Amino acid sequence: MSISRRTLLRNTAALGAFAGAGLPHIWIKNADLAYAAGGEIKVGVLFSLTGTTAIIEESLNKATLLAIEEINAAGGIKGSKIVPIVEDPASDPATFSEKARKLVVGDKCVSVFGSYTSASRKAVLPVFERQNNLYWYPTLYEGRECSKNVIYTGAVPNQQQDEFVPWLVKKFGKKFYLIGSNYIYPKEENNYCKKLLEKLGGEVVAEEYVPLGHSEFSSVINKIRSTQPNVIFSTVVGDSVVALHRQYRAAGLDPEKMPMASLTTSENEVAAMGGEAAAGHFTSAPYFMVHKSPENEKFVAAYKKRWGADKVTHFVSEACYFQTYLFKQAVEKLATSDLTPPNIRDAVKGEGMIAPQGKVQIEPENLHTWLWPKIAQAKSNGQFEILVESKEWLKPVPYAAYPGQSCTEKGLVEKS
Amino acid sequence: MDQFIEQIVTGLSIGSILLLVALGLSIIYGSMGIINLAHGEFVMLGAYAAWVFHTYFGWSLLTSLVPIFLVVAAFGWVIERYVLSLLNNRPLDTILATWGVGIMLQQAVRLMVGSELRYVQLPPALSDSMNVFGIPISSYRVFLFVVSIALFAATWLLMNRTTVGMKLRAIIQDRSVAASFGINAKRVYALTFAYGAGLAGLAGALVSPLKSVSPDMGTGYVVDAFMVVVLGGVQSLAGTVASAFILGELSGGIAFLQNDTVAKAIVLLAIVVLIRFRPEGLFTARVRA
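Just so you know, the sequences run in chain order A and B.
For the first sequence, counting from 1, position 352 maps to 352 in UniProt numbering; every step adds exactly one.
For the second sequence, counting from 1, position 52 maps to 52 in UniProt numbering; every step adds exactly one.
It is worth saying that the hints were derived from the structure and are not from the lab.
Check before you lean on any hint, since a few could be wrong.
Dumping the calculated EDC-like pairs for lysine to aspartate or glutamate here, alpha-carbon to alpha-carbon at most 20 Å [stated by the list, open to error]:
#1 170/A x 208/A
#2 264/B x 295/A
#3 311/A x 332/A
#4 305/A x 128/B
#5 391/A x 346/A
#6 42/A x 92/A
#7 62/A x 128/B
#8 171/A x 295/A
#9 311/A x 128/B
#10 257/A x 116/B
#11 199/A x 254/A
#12 328/A x 98/A
#13 298/A x 254/A
#14 264/B x 163/A
#15 359/A x 295/A
#16 333/A x 363/A
#17 379/A x 295/A
#18 171/A x 129/A
#19 298/A x 276/A
#20 304/A x 128/B
Here the structure is a predicted model, which means the values were calculated and not measured.
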């Protein structure tokens, strides 16, 4: 095949015209975007409504929309309504990035609330950094990230484990069986768990990862039976959680002697496996649906009224709910003409509120959130019983497993 | 020694689930030459049927097995009759067609039931563990083993000891000659496909108490089932059984020594190597060309 000079020129010109017309954001970077035009503040809501993680992300979408509707019903933000633009990234990181770009560049959203998995957060990160926009991430995650374009409202490892692991060692013993799904989050959490165990003189009898979506745990259960750990420390995620619990139960293992301790099993997962299968096992998280506080009673009642009496709230959907209110508080501090993502970020630093779990606050240093760790045991009715409540809130330390590193204003620094 | 027996038993239990899922696929593929990519969705339909019967009618899993088989078989029949039979002499097109049917079934369930995970209660009589050679193992897994062997036996009898089975074998050998003897190939094909789909539905219902029920649960099963069929050799029911248990023991064993991630990789690799040297699979029924 030969390409004549003329065709080449013509094609190049066409391509250039297409790029110029179809992809304006290449040329216009950070132009003055009118973020609060016509009494409307547009925000993106980016949770998967289809695909493998839709099972949980649907509830995050619902909690976010509930908060937005409540804020609008109470008069909006200084008279402006929040307009949510809902996109479905279909549990696919590439689609996440595409939709994030659409929300930020095309729809000119001033912030985007979204995602559940670390993979999807990593996928949208470049979009928010390049456009200097703001992403609100509600999920517990592995820490180890510093971005001035993300507000993190979920727990990092130190907030879930610092009290949990010593408590487990004291109550059940020092032999831990670590099991997780095979990706970054479980590995980092287990990394941190091993550091804590080392300090406590504990022992890891096995550390094992199963493929994502794995549902055949008979070999794992055999190994558990032959190693006889005191605690099965689980960071298995998604529908594997259901299979693991149901097969543990069917194999006749006893949670009283050998409980599973999880950082990922919430009311949502329990609803999917049935209370019977979950009963007796433990979870550490900043929020449980049964938590007694006027704020939580209001949240649970509103959620059920809006989305159905059989629906449950859990520690990720709670973060979705309160982060939307934090967004509102930050915007309220700004004049309409100053409404830009960087200004919102600066306004949200140190901002706090009484969330359903208790008072939360954004740590100015690393944009993560001060939270209230709790330890709870699952009951057969599908709810948890809170056994230990932290006496004070816990500072988020995203680099807790890496003592040489810390998060600052300018990003990650290495302490010398 | 104990551990060795324990591992053998575990492998059998993994194998029996593989067999349950692969049996239907093997019949459809072996006798009709259709690569049924919607097989995973039949598994999923069976699991949802179990969930519906359990939640809305209050039937225990054991009592609803027959209705589940009939419901999913009916789905299979309709799909064969109105989609696949139109593509009679185009086996490659059926891949695309069944793939499309699979997507439609998945989305239909998602739209009608929602994408939340569901579960089915273990039958109370089988919810404990029992001792097998002194090793505690879930009674339900023993039950699955027994059922998968029974279903295999039933299928073998159906294929080799009934008129419909004989007709089917005749069609496989030479369709036009069979037709000239007055065998209604269309009807036999529809019945075969329906039976295969029904078996998949049963598999889905039977694994639902151990695993979760969700619209995309079938995807993983269809891959496993194809591995079994390919390893076992097409048109060989005995091969399907043998390869299901070989794969079960192999992946269970490697998972015990290493972990499940490694097991998945090694099993796949082993099949690739085997197919390179024995493209017809481990066990091949003799077929007249």
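Status of the hints after comparison with the structure:
Proximity of residue 170/A to residue 208/A is assessed by CA-CA distance (about 23 Å); at most 20 Å being required, the pair is judged violated. Pair hint residue 264/B plus residue 295/A does not hold up; C-alpha atoms about 47 Å apart against a cutoff of 20 Å. Of the supplied pair hints, the one linking residue 311/A and residue 332/A is violated, its CA atoms being roughly 31 Å apart against a limit of 20 Å. The straight-line distance between the Cα atoms of residue 305/A and residue 128/B is roughly 39 Å, outside the 20 Å bound, and the hint therefore fails.
With a C-alpha separation of about 29 Å, the suggested pairing of residue 391/A with residue 346/A is violated against the 20 Å cut-off. Proximity of residue 42/A to residue 92/A is assessed by CA-CA distance (about 24 Å); at most 20 Å being required, the pair is judged violated. Restraint check for residue 62/A and residue 128/B: not satisfied, since their Cα atoms lie roughly 38 Å apart, outside the 20 Å limit. Our distance criterion of 20 Å between C-alpha atoms is broken by residue 171/A and residue 295/A, whose separation comes to about 32 Å.
For the hint linking residue 311/A to residue 128/B, the alpha-carbon distance of about 30 Å lies beyond 20 Å, and the restraint is violated. For the given pair, residue 257/A sits about 31 Å from residue 116/B by alpha-carbon distance, which is inconsistent with the 20 Å threshold. Note on residue 199/A and residue 254/A: the hinted pairing is violated, with a Cα-Cα distance of about 28 Å set against a maximum of 20 Å. For the suggested pair residue 328/A and residue 98/A, the alpha carbons sit about 26 Å apart, so the restraint of at most 20 Å is broken.
Distance check on the hinted pair: residue 298/A and residue 254/A sit about 36 Å apart at the alpha-carbon level, beyond 20 Å; violated. Straight-line distance between C-alpha atoms of residue 264/B and residue 163/A comes to about 36 Å, which puts the hinted pair past the 20 Å bound. Between residue 359/A and residue 295/A, the direct Cα distance comes to roughly 10 Å. Compliance with the 20 Å bound is thereby established for this hinted pair. Our distance criterion of 20 Å between C-alpha atoms is met by residue 333/A and residue 363/A, whose separation comes to about 17 Å.
With a C-alpha separation of about 23 Å, the suggested pairing of residue 379/A with residue 295/A is violated against the 20 Å cut-off. The suggested pairing of residue 171/A with residue 129/A is violated, with an alpha-carbon distance near 45 Å, which exceeds 20 Å. In summary, the hint linking residue 298/A to residue 276/A is not supported, as the alpha carbons are separated by about 28 Å, beyond the 20 Å threshold. Between residue 304/A and residue 128/B the alpha-carbon distance is near 35 Å, which puts this suggested pair outside the 20 Å criterion.
Violation of the numbered hints given earlier is confined to hints 1, 2, 3, 4, 5, 6, 7, 8, 9, 10, 11, 12, 13, 14, 17, 18, 19, 20; the remaining hints are satisfied by the structure.
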